[in-house]
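6 protein chains.
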Amino acid sequence: MKVSIFRKEHFNAAHRLHNPQWTDEMNTKVFGKCNNPNFHGHNYELVVRVTGEVNADTGYVIDTKILSDLIKEQVLDRFDHRNLNLEVEYFKQLNPTAENIAITIWQLLRPHLNQNLDLKIFLYETERNFVEFPA
Amino acid sequence: MKVSIFRKEHFNAAHRLHNPQWTDEMNTKVFGKCNNPNFHGHNYELVVRVTGEVNADTGYVIDTKILSDLIKEQVLDRFDHRNLNLEVEYFKQLNPTAENIAITIWQLLRPHLNQNLDLKIFLYETERNFVEFPA
Amino acid sequence: MKVSIFRKEHFNAAHRLHNPQWTDEMNTKVFGKCNNPNFHGHNYELVVRVTGEVNADTGYVIDTKILSDLIKEQVLDRFDHRNLNLEVEYFKQLNPTAENIAITIWQLLRPHLNQNLDLKIFLYETERNFVEFPA
Amino acid sequence: MKVSIFRKEHFNAAHRLHNPQWTDEMNTKVFGKCNNPNFHGHNYELVVRVTGEVNADTGYVIDTKILSDLIKEQVLDRFDHRNLNLEVEYFKQLNPTAENIAITIWQLLRPHLNQNLDLKIFLYETERNFVEFPA
Amino acid sequence: MKVSIFRKEHFNAAHRLHNPQWTDEMNTKVFGKCNNPNFHGHNYELVVRVTGEVNADTGYVIDTKILSDLIKEQVLDRFDHRNLNLEVEYFKQLNPTAENIAITIWQLLRPHLNQNLDLKIFLYETERNFVEFPA
Amino acid sequence: MKVSIFRKEHFNAAHRLHNPQWTDEMNTKVFGKCNNPNFHGHNYELVVRVTGEVNADTGYVIDTKILSDLIKEQVLDRFDHRNLNLEVEYFKQLNPTAENIAITIWQLLRPHLNQNLDLKIFLYETERNFVEFPA
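Chains as they are written, first to last, in our numbering: chain A, 22 to 156; chain B, 22 to 156; chain C, 22 to 156; chain D, 22 to 156; chain E, 22 to 156; chain F, 22 to 156.
Okay, chain A solo, but in the shape it has when bound:
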C-alpha cells in the first residue's frame, strides 16, 4: 500500500549559467542570454515527492508539516532570495542549471528522510521549463 505524497514550495533566486573552464565566447554561444554576467532570476517552484507505506495510526506517509519544515531548513533557507552562483556553496563549482539544482536539492534532503522512503524532486524554473530527478 505505497502512496506518494507531494509538497510544493517555492523560492526566488538570481543565477547565471556559466562554465568557468570555457572562454567567454563559448559560454555566450552555449548559454546565450542565460550567461549574462550580471545575472537574471526566477521564481522556482519546487515539488518534493516522498513515497512509502501509509502509517496505520496516522494515515500519513509522512506528515506534510514535517516535510515542509525539512524543505525550509535544508533548501529554502539556503536558496531563497539568494544569488545561487555567489552565495550558495554547492553552485560555486557547479553550473546552476535546473538539472543541477534538482540533483543538489535531492542530495540535501535525502539524508534526512527514513531509508524506506523514496525521494523525487520536481523543479520548475519557469512554467514552461522544468525537471525531474531522479528520472
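Treat the hints as calculated values from the structure; they're not laboratory data. What you were told as hints is all true, and nothing was included just to trick you.
No distinction is drawn between identical chains; accordingly, a pair holds when it is met within one copy or between any pair of copies.
Each computed DMTMM-like pair below joins lysine to aspartate or glutamate, with the alpha-carbon atoms no more than 25 Å apart:
1) K29 <-> E66
2) K86 <-> D98
3) K141 <-> E94
4) K86 <-> D139
5) K54 <-> D78
Given the structure is predicted, the values throughout are model-derived calculations rather than measurements.
Here the structure of chain A is known, so what remains is to put chains B, C, D, E and F in place on it, guided by the hints.
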C-alpha cells in the same frame, strides 16, 4: 502502444483528521488544527489515470465521457458536499487523510474498469499538498 | 501616481449555507447540497487589493510583508481550519456565502489600513465561483 | 545521474472525431458532439519530456532552446492553427483523438533525438482531459 | 453593499477570422494564420460577472446555479463544440474575434438578468489573449 | 462599444530593492532579504490591457500580434534576462519594486499607442504579489 489518459474532476468536502484510539491530547499533537472537532474543508481536485492499449476503431483507451460518468457515480455522488467523517461510510473507521482518500477512491473505481486497464489516482487536497496511489 | 497592489493568501474552512429563519424545506430548496447540516468545505483563495500613492522613499504602496501579516492576524487566524458557522462569530447570525465572507473580510481589514488607501477584496470559493467587494 | 527535462509548448487547432469506416449513426453514437462535421477546436498544451544523463560541461540533459526549436519545426509548424483532419497528413487516415495525436507527436520527434535519450509526450486537450505516451 | 460575483464556464469551438468584404490577400495580410479557410480552434474560458446588492435572506447577489444554468442555455448550448462561423448565426455576418464573441455573449445574457444587476464578460481565447466587455 | 483586450507576456530578471540614500541598516530593516546586495530574481508575468472601440472591419481593438511585438520591442528586449538595477537605465535611480516597474512599463508603452486607446499594466512579481497601474 499503451497510452495513459487522465480525467480531472473535483469535489468539495468537510473533514477532520482524528484517530479515535488516541487521547484528544495525542490527536491535537499529531494533527494540529486539522483535528478541529468542528471540521474544516477542502476543494479536492481528483485526477484519475487509466492506462491501456488504444482501440484501433475509436482511437480511445477509454471514452472520457464513460470515465467521467463512472467517477461521478462512484466518487462524486458519495463525497461531494459531504462531511467525509460523518457521512461517507469508508471514513467512519478510516482517518480521511489525502493518502486514505486516494486509496479509497482507487478501491471504488477499480472493480468497474476492465482488467487490462491500469488505474492510478492523484488527489490534490490543496495546490501544495497532493498524493498519488499506487506509488 | 496611484498603484494597486494585490496580495494572495488562502485558508481552508468548513461551512454550510443556511437561513435559520426559514424552514428546512425552504433551506434545502434554495441552498441545495450547500445546506448539508454536516457541513462541506473549501480551499478559499483570498486576494486583497490595496490602492494608493507610491511612497517615493520605498517604492511601495504598502509593504506586502505588512499587508500579509495583517491578513494573517485579522483573517487567517480567525478563519483557517475553522468551521465558519460554528466557530467564527461573524457568521453566527450571517449566512457564510462568498458574498458575506468577502464583506466581512473587508470590515475586518478596513480599520487597520490608512484612510488614504483604498481596499478591495476578491474571494475565490472555488476556481469557478468567486466574488469582489466592493463592486 | 539521469534527469528528465520537460518543455511545454502549445498549439491551437480544429478537429473532429470520426471513423470513416462507420456509419454516421455509429459515429454520432460513439463520438457525440466531437463528431460535428463542421469541426470544433482546442488550445492544445504539449509537454515533451526528455530523459538522459546530465552533460558535465553544460549541466544540461538537452538545451531547452534546441528542444523547443525541434518541437516548433516538427510539430507546431505542422499543427498550429490548422485543421488536423483536413490539413495534417497523419490524420487523414487516423482519428485525431488525444491518444493518437500524442503517439504521432512522439513519432515525429523520436528520430531527431539522440538514441540514449528517452522521450515521453504529455498532451492536454483541455485542462480536464489529457494523455501520456508512452504509458 | 454591492458585490460582484463571477462564474467561470468554458466551451470548445472552431473558428476563422475573415472579412468577406475583403480580398483573400487582404484577409491573409491582416489575419495571418487565423484566416485559415479550414478553421482552427480554441478552448474558450468564459467568466461572467454579475454585480448587485446582496439579498439579505439568501446572502446571494444571484444564485450561481441559476447563473450557470443561464450561461449553459444561452451560450454553451449554442457555442460549445461548434464551428462559430458556420453554425452560430451571430457570426455569419460578424467576424468571430474574441472582442465580437464577448459582445455577443453579453447581448445574449443581458435580457435574462434583472435590470438592477450589472453584467460584464471576460473571455479567454488562450491563456495569453483575453478580452473584457464592457470596458 | 468599448472592449478591453489583454496580452500576457513574461520576462525573467534579477533585482534587489535598495534606496541609495539610506544606510545599509535602514535598507535591511525596510527591504529585508529583498535588499540582498547579490540580487535575487523573478519570473515576471506581465499583462497589458488596451481599451478602445472595436474596429468594424477587423473586429479588433488592436491586433494582438502588433501589441505583442510592441511589448517585446519596448519591454522584453530591455528587461528579459537582465539585472534590473545594473542594466536597465530606468532603475539606476529608481527602486525596482513591482510598483515602479509597472509604472515604467506604462511609460515605455504609452507613447506607442494611439491616443484614443487606454492602457493599463498588471505585473505579477510572484503568483501571490502583483500590481496594477494606473489604479
